[in-house]
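Colleague: With these hints in hand, go ahead and build the complete structure from the sequences.
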Amino acid sequence: MTETPKPKVWGRWVVLAAVVLGLFIFTGFFGIGLSLKPVQPHVVLPAEPLFSIGSFQVTNTLTALALADLLIILIAVGVTSGVKKGSLILGGIIGAIEWIIEMLHGMTEGTAGKWTKQIFPWFVTIFLIVLIANWTEMLPGVETVGILHQSEEGHYQVESWGPVSSIVLPEEGAHAEETHAAGYEFFAFLRPVSTDINFTLALAIVAVIMIQYFGIKSQGGRYFGKFWNTGTVFSKPIFGVIDFAVGLLEVVSEISKIISFAFRLFGNIFAGSVLLFVIGSLVPVFAQSIFYLLEFFVGAIQAFVFGLLAMTFMAQATQGHGGEHHEEAHA
Amino acid sequence: MDANAAKLIGAGLAMIGAIGAGAGIGIVASGAVQAMGRNPDATGTIQTNMILGIAFAEAVAIYCLVVALLILFVF
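For the protein sequence lines, the chains are A and B, in the order given.
The first sequence: position 224 = 224 (our numbering), numbered continuously.
The second sequence: position 72 = 72 (our numbering), numbered continuously.
Hints in this document: simulated from the structure, not taken from any laboratory.
Where hints are given, some of them may not hold.
Said to hold, decoys possible - Which stretches of chain A does chain B cover? Using the computed rule of at least three CB atoms under 8 Å from a CB of chain B, they are:
hint, segment
1, 43-56
2, 263-269
3, 298-308
Stated by the list, open to error - Far from chain A, some chain B residues (derived; all Cβ distances over 10 Å):
hint, residue
4, Asn4
5, Ala14
6, Arg38
7, Thr48
C-beta: ideal position from N, C-alpha, C; glycine also.
Modeller: Here it is, written out as structure tokens:
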């Protein structure tokens, strides 16, 4: 009757030590902490410029996009080399990618039919870029490591220890004007690219243009009959006029597609990053991890929804309307 | 009234629109779950359409959120 000894798990002690250390440092829990209190973040909506090449400003969302692109290229290279090895069972990240691609392909086949081959690459491209871009939010150091600039509009107080500086709470009792004059602005090196409205808007415009492209490619000139519907104006006077008005509404619907694509992704991810900031400033230790899980989920869902909607609209455009009008929601 | 206070109240009021999206998503999910219960074989298609419906319903809440964020951080 010899019990097999359990393998010792050190991971949980490391985590526990980190939590206790965090309590000491950030809250002065037992009165012996460094009392580095977290600071209420100052949220900035537009992306902050880091440096400029000529007249082209490189913002911190652009560097994050470059990081996301790099990650995607690395994954692509890894998956290609893994597939070329020719093992039947693909493991690790290659298996995960295979699962994703298979699932998305099945979904596209169910919706787009014979246009699967043309539409599928757009679906997966949009899905992967948005997914990786959203998940860069979760990397340590993103949005927290950056440059401090002294400026008039600065909102932060800064304390330095040798080469490293950190943002601290303003001194109590200091006059508001004084702290204002000595304020610092904070520019993070990396900020998830989905929190930049330019990225989501660009992606939305590309998607909507490709929807029109697939419509024209599949139906030719008849595709424009959806927008300029004069076919029944004279044969059925009243309903013909209604048909014509509905056709004009279709134009509005295409434009609103751009807006809803762009703001859905931007709103979700930006609100998520603000949520992480605020929770981090309220409860500095431990609480944020729960919201990281939520953001992980939201990032995946939003990437999936963006790709799925683009795919569905493309498939709809190829099918034509053949007299009956799509009563799809215009959101 | 203080302009800052008005901003905060406005942002809070803007988020009232999230009520509708919440109710809508609840209805979508309840319908989808019922459909899956009746016909488990169709789970895949139902799920896809459910996510589409949720995305449309959620868009309204996201507009509210964007308006609230704009009020808070831009104006």
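Colleague: Going through the numbered hints above, which ones does this structure break? Give me the numbers in ascending order.
Modeller: 7
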